[in-house]
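Engineer: Residues per chain, in single letters:
4 protein chains.
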Amino acid sequence: MFGKIALEECWTIQEELANNDPGKFVAAGTGSRLTNELLDIHGTRLKQMDENNVDFMVLSFNSPGCQGISDKSQAEAQATLANDRMEAEVMKAPNRFAAFAALSMHDPAQAAAELRRCMTEKKGFVGVLLNDYQSCGEDGNGMLYYDQPEYDVFWQAANDLEAPVYMHPRPSNKLIHKLMWDGRPWLDFSALGYADRLNMHILGIVTNGVLDRFPKVKVIFGHMGEHIPYDIYRIDHKLDRSRFPNMPMRKDKLVRDYFGEQLFITTSGHFSTPALMCAMGEVGVQSIMFSIDYPFESIPNACAWWDEHVSASVNQHDYTNMGRNNVLKIIPKLTEEPHNLKTMTPQECKVGRLAADQGEVCYGLYNKSWNKREIKVVPSQAMFIG
Amino acid sequence: MFGKIALEECWTIQEELANNDPGKFVAAGTGSRLTNELLDIHGTRLKQMDENNVDFMVLSFNSPGCQGISDKSQAEAQATLANDRMEAEVMKAPNRFAAFAALSMHDPAQAAAELRRCMTEKKGFVGVLLNDYQSCGEDGNGMLYYDQPEYDVFWQAANDLEAPVYMHPRPSNKLIHKLMWDGRPWLDFSALGYADRLNMHILGIVTNGVLDRFPKVKVIFGHMGEHIPYDIYRIDHKLDRSRFPNMPMRKDKLVRDYFGEQLFITTSGHFSTPALMCAMGEVGVQSIMFSIDYPFESIPNACAWWDEHVSASVNQHDYTNMGRNNVLKIIPKLTEEPHNLKTMTPQECKVGRLAADQGEVCYGLYNKSWNKREIKVVPSQAMFIG
Amino acid sequence: MFGKIALEECWTIQEELANNDPGKFVAAGTGSRLTNELLDIHGTRLKQMDENNVDFMVLSFNSPGCQGISDKSQAEAQATLANDRMEAEVMKAPNRFAAFAALSMHDPAQAAAELRRCMTEKKGFVGVLLNDYQSCGEDGNGMLYYDQPEYDVFWQAANDLEAPVYMHPRPSNKLIHKLMWDGRPWLDFSALGYADRLNMHILGIVTNGVLDRFPKVKVIFGHMGEHIPYDIYRIDHKLDRSRFPNMPMRKDKLVRDYFGEQLFITTSGHFSTPALMCAMGEVGVQSIMFSIDYPFESIPNACAWWDEHVSASVNQHDYTNMGRNNVLKIIPKLTEEPHNLKTMTPQECKVGRLAADQGEVCYGLYNKSWNKREIKVVPSQAMFIG
Amino acid sequence: MFGKIALEECWTIQEELANNDPGKFVAAGTGSRLTNELLDIHGTRLKQMDENNVDFMVLSFNSPGCQGISDKSQAEAQATLANDRMEAEVMKAPNRFAAFAALSMHDPAQAAAELRRCMTEKKGFVGVLLNDYQSCGEDGNGMLYYDQPEYDVFWQAANDLEAPVYMHPRPSNKLIHKLMWDGRPWLDFSALGYADRLNMHILGIVTNGVLDRFPKVKVIFGHMGEHIPYDIYRIDHKLDRSRFPNMPMRKDKLVRDYFGEQLFITTSGHFSTPALMCAMGEVGVQSIMFSIDYPFESIPNACAWWDEHVSASVNQHDYTNMGRNNVLKIIPKLTEEPHNLKTMTPQECKVGRLAADQGEVCYGLYNKSWNKREIKVVPSQAMFIG
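Residue numbers (the working numbering), protein chains in the order written: chain P, 1 to 386; chain R, 1 to 386; chain S, 1 to 386; chain V, 1 to 386.
No wet-lab data here; the hints were simulated from the structure. Among the clues, some could well be false.
Which copy is meant is left open, so a pair is good if it fits within one copy or across any two.
For lysine-lysine, the following DSSO-like pairs were computed, each having C-alpha atoms within a straight-line distance of at most 30 Å [unchecked claim]:
id, residue 1, residue 2
1, 178, 251
2, 47, 178
3, 178, 333
4, 329, 350
5, 329, 123
6, 178, 253
Source: prediction; values computed, not measured.
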């Protein structure tokens with residue numbers, strides 16, 4: 001599909017590597033590959049975007065980022081540094097990149113101020129990405145959650161600035177790891193623990209009424225919804241108001257009601273067609289956006305899934321909306337200067353057809369080689385260049 | 001679901017019963033039930049609409065109607081009579097009913113003129129419904145198909161009047177019945193033959209380029225798409241232009257490309273959730289509208305499926321769109337005088353929730369009786385009255 | 001569907017109520033209803049089973065049961081008491097009930113011995129149900145997990161006795177609740193926290209190699225798989241051996257490979273058709289069994305879902321297998337004395353058809369009342385009585 | 001997937017080309033490619049089978065074959081010739097090929113005798129394939145259907161010989177083409193008309209009671225079921241016995257009841273994942289088998305769909321059963337001399353995993369090249385050779 005937009009795409013800076021060695025999140029021997037890809041924007045990344053018809057990426061600061069810095073002033077300084085660098089990088093190619101702001105969440109008012117600085121004084125920012133809870137305390141085992149009343153000042157800013165908040169996972173801290181994950185450490189990360197903790201934080205935000213108090217706030221989360229779409233029946237069924245009369249969320253709404261209006265998910269890092277189908281049933285096409293999770297996932301792999309598998313399972317309208325157009329409704333700032341992204345039709349995205357001679361189209365999975373197994377042809381990138 | 005709109009809902013007049021005894025289409029002993037229901041609009045039908053939260057019906061003249069009358073002048077007179085009666089009936093309750101015009105298709109220019117009369121000189125009409133091929137000839141075995149060039153004058157009128165064309169099935173004529181269906185007559189009707197013939201006619205219209213020449217024409221068909229969505233891969237795959245270079249349809253489009261733009265389906269008479277899911281995948285929510293096929297199907301049965309089964313399988317946005325809002329986009333005339341229909345939100349349609357005390361909602365399949373099996377409560381009809 | 005078997009069905013004894021007041025798990029004012037239903041077997045429960053065509057229930061001791069008793073000898077005594085009582089109750093109607101043993105898991109050898117006592121010296125037991133981690137320690141905040149090497153003696157017994165192990169959730173302890181759930185306590189229970197913790201324990205068992213060392217062990221879990229089927233792509237994808245070379249699970253297998261052979265799920269408490277469809281795609285019909293979660297869910301509600309919704313979404317073979325026959329393959333002891341359960345055909349289960357006159361069948365959603373909305377007729381229970 | 005078996009795979013002989021030029025069924029300029037592929041078995045075909053892990057093909061005589069020969073004695077002679085040649089070819093590599101017999105259906109007793117000859121006097125035959133109706137009459141416009149009572153002698157033989165009957169489509173004859181398809185001839189073939197006619201014949205066989213009178217008869221049909229699975233709700237719903245009291249099919253069964261027991265479908269020529277999912281829901285995994293439709297479809301294309309798309313949408317058990325093992329249950333003769341096919345596990349089929357170093361597996365869509373788009377590696381063919 002031409003014109004794909006991806007939202008959960010990581011980037012880092014040299015100064016962050018000491019805090020947070022990405023190498024520990026991948027197989028031994030591949031850490032330097034990962035580190036190089038995190039530091040790069042306009043080289044290999046852009047080349048792969050071109051090769052795989054990814055029109056645009058919204059970049060964010062690599063997890064846990066400022067959320068992993070338990071010292072308040074260090075976290076705040078790192079956010080400022082990251083945001084300033086991000087702005088500079090994005091503005092080198094604003095037709096291909098935008099950014100989610102990094103924030104220290106130690107002090108909600110300071111977080112609000114830094115978000116305001118990014119959204120109003122800079123040009124490349126279209127929202128904010130938070131890496132689950134904010135670590136704090138001398139031992140780093142404190143955990144701050146943004147569903148608590150003291151964070152209303154932050155949500156007020158996100159609401160007023162119309163800045164979507166992307167909730168991204170992170171590993172457990174040392175205390176929780178020891179209490180729960182120690183005997184099975186491989187589960188603490190992206191295979192399971194990320195979602196098991198982040199879905200609590202997200203549903204905390206919803207059920208504590210944040211979305212009701214701040215109706216322009218949009219919360220986005222990845223990995224096909226951190227288990228939530230699959231269990232949305234049970235979640236709503238079991239949050240019975242007669243059992244939990246003090247739960248602050250509006251009593252005339254269900255969690256599912258927020259999807260498509262204030263809650264949105266992406267496909268990052270979970271390239272499962274059955275899971276996508278389930279999510280389409282439970283939270284709907286209008287709640288779903290394509291994303292990759294680069295460089296923790298391979299761009300060609302994510303795009304092979306989207307371009308070949310999903311295109312063969314979903315009609316062209318819904319497919320094009322999830323691959324591109326939904327983003328422009330959910331983050332309309334992307335349609336303005338300096339990004340200027342435009343809605344595209346399925347035909348413009350070259351969806352749901354194979355090119356034949358002389359402008360004709362044909363249909364099927366194959367390419368022109370009848371007897372040989374080949375990769376599906378990826379059309380040239382010309383339209384996105386220049 | 002409150003606010004449902006249904007599109008393939010039959011009605012007849014006393015004068016048609018001699019041509020076409022509805023009793024032959026149902027079990028022995030139930031013909032009079034059917035006949036009475038066909039003749040009725042404002043009695044039992046409206047009562048059941050109220051009881052089942054069907055806000056609105058677009059009525060059409062019972063199949064085969066004028067298509068079954070092989071004498072040209074009789075067919076034309078019957079169309080005029082049916083349309084005049086329909087207008088009178090609809091205008092008794094235009095906030096609950098509209099009509100698709102009945103047409104004789106012997107003479108395309110006459111058909112165009114009668115359609116123009118209905119759409120411009122009357123108030124209750126929002127399109128036209130045709131019952132497959134037009135019978136003609138002295139023996140009644142002639143078959144006229146509207147995908148042939150001489151019908152362009154009719155399509156031009158439908159285009160200019162922005163009158164959607166609902167393609168409805170009918171039984172085979174005597175000749176075809178004898179050649180193909182005689183040894184298995186029960187298959188000639190709604191179980192199989194209706195779709196096996198109508199899908200040819202519909203795809204004839206598409207592949208002969210009618211939709212290309214008349215880009216404002218919208219064709220609607222029922223019964224979950226007359227087998228087409230399930231086979232859309234194979235249809236497009238096998239209509240290879242290199243094999244059929246003379247097929248008039250635009251060579252840069254596939255049949256699937258017309259869905260959601262010029263082709264639409266309804267659920268009439270095929271209350272299968274797996275088939276609906278397949279159609280949602282292949283032709284998309286924006287191509288699908290709820291319908292019943294009353295009185296050949298029971299209103300409570302169709303609505304029990306939609307209200308209970310489908311609501312538990314599809315998110316509230318897509319569900320509300322298929323149950324109501326899509327119709328208002330596809331037939332915008334329904335939003336104008338004298339019908340004045342309005343888009344409704346899932347909340348207004350009371351979708352995806354159970355009512356609890358004091359305006360609260362809860363979720364699940366059950367009602368308040370924990371230990372007894374009950375019908376799901378149908379909310380009161382107050383909102384549609386007055 | 002006639003002949004349904006349900007596996008996650010709770011029961012308790014008067015002596016347990018002091019430890020564990022079930023009233024705290026339901027809405028204010030309904031606790032006594034719940035308590036009465038937990039204490040009852042042969043009264044209301046059996047009556048509702050009859051009314052809803054539940055042929056058989058495997059009973060288990062109400063969560064957290066012995067896992068919630070942090071004192072070792074008290075926990076062991078409670079298990080013995082519960083099991084002795086359960087045997088007596090089950091043997092009053094062994095053609096309708098069997099039991100999963102309750103165990104204290106403080107001492108794996110003692111657990112093995114008690115399991116052996118139940119499986120060999122008693123007649124009503126067909127496996128064991130464990131309520132997540134075993135609480136221990138003076139403050140009750142210790143947590144014992146059964147994926148650790150010291151529990152191999154328990155798994156060896158389960159393997160040798162061919163006793164399936166049902167893993168059931170429970171609330172967090174006070175320490176974890178305070179650290180993670182305190183600001184959103186309603187999420188700690190069945191809406192989210194149950195699954196978020198239990199899926200870690202289950203995947204700990206799998207990835208620590210328990211199923212490899214004990215190939216006859218079968219682990220069952222409910223609630224449509226505690227989020228695991230939806231994320232099985234990501235789980236397998238992210239448990240990359242090159243990143244986690246020390247993970248003990250066989251390196252030539254994936255987590256998904258154990259489903260249908262050593263891992264099985266039930267539908268208890270998650271009556272979502274889209275989630276069931278997703279699970280059928282990802283872990284397969286042979287891994288899935290119907291269950292209710294009585295009395296935390298209503299029997300009529302669970303059965304209305306299964307009998308009406310699922311029967312209309314799944315072909316009769318897969319449906320009958322999930323509703324009954326799979327259980328007899330996974331727990332073959334149920335086919336022996338004193339339970340003597342038999343495989344049933346779809347026809348014997350009266351699946352996929354409506355009864356018409358004189359032994360005929362017809363098909364559709366409706367019953368004989370054409371114009372009135374009714375509950376689908378539930379056939380009489382005669383076949384299961386006597 | 002290793003070990004795939006394909007069932008609707010065409011072959012022809014030089015002597016048939018004059019009757020039936022395959023070139024008219026494909027794009028201009030590709031007729032000789034098709035003809036060569038039809039004539040070949042052990043060359044290009046086997047090479048592609050090896051390259052794409054197709055373990056085994058059941059061959060059949062190219063449509064319309066003997067059904068297209070309206071002269072009785074010519075048709076019978078052609079069947080004998082084709083079957084003798086087929087036997088000789090299959091026995092060159094009986095571990096890779098078997099055959100469905102070709103039959104003239106002019107005389108049911110002669111058809112039965114020729115089927116008996118193939119099934120008892122030859123070694124390579126495992127059933128029969130019929131190309132829809134038998135043409136007859138001087139003008140070739142006669143159509144014989146096998147659901148009529150005079151064909152019971154044929155069905156008796158198929159029953160006694162336990163020879164499955166594969167029902168394959170063919171184009172309409174000149175009379176029907178002129179009456180129905182003339183204005184849209186491209187629809188008469190595989191895009192639509194094939195299924196529109198064959199589904200009538202198949203359902204004629206079912207509803208006329210053939211399967212009831214001959215309970216060991218199994219009928220197989222391709223193209224994902226010739227539209228039937230999508231409409232099975234409506235088919236059963238509308239074949240109401242009270243309306244059609246003379247329909248011979250057992251009154252205590254529905255059409256859907258025969259699926260998985262006497263009716264089976266294949267995926268030939270319809271590589272649509274949404275259609276497969278719908279069929280899995282409506283007629284069940286046990287009714288579905290992989291097939292290609294070579295050489296009207298490309299082997300690499302069919303296998304790319306099955307190996308890459310379907311493997312990512314269906315759990316490994318169901319997938320392996322549909323790809324191989326179901327065939328061995330439905331046609332058990334394939335497990336005997338001289339074919340000796342064996343059931344394979346998902347692991348043996350190398351399903352649902354990527355090979356990693358040293359016998360390890362990993363999971364995902366990608367191969368080892370992180371940054372480059374590649375075809376998924378097809379494992380070597382060694383296991384099927386020798």
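Engineer: Each hint should be assessed against the structure and marked as holding or not.
Structural biologist: Against the structure, the hints:
Taking CA atoms no more than 30 Å apart as the test, residue 178 paired with residue 251 passes between copies only; the shortest distance there is 26 Å, against 38 Å inside one copy. When the C-alpha separation of residue 47 and residue 178 is checked against a cutoff of 30 Å, the pair qualifies neither within a copy, at 42 Å, nor between copies, at 48 Å. Taking the closest pair of Cα atoms, residue 178 and residue 333 never come within 30 Å of each other, the shortest separation being 43 Å inside a single copy and 40 Å across copies. Taking the closest pair of Cα atoms, residue 329 and residue 350 come within 30 Å of each other both inside a single copy (21 Å) and across two copies (25 Å).
For the identical chains of this complex, residue 329 and residue 123 are intra-copy neighbours only, at 19 Å inside a copy versus 37 Å across copies, given an alpha-carbon limit of 30 Å. For the homomeric pair residue 178 and residue 253, the shortest alpha-carbon distance between copies (28 Å) is at most 30 Å, but the shortest distance inside one copy (38 Å) is not.
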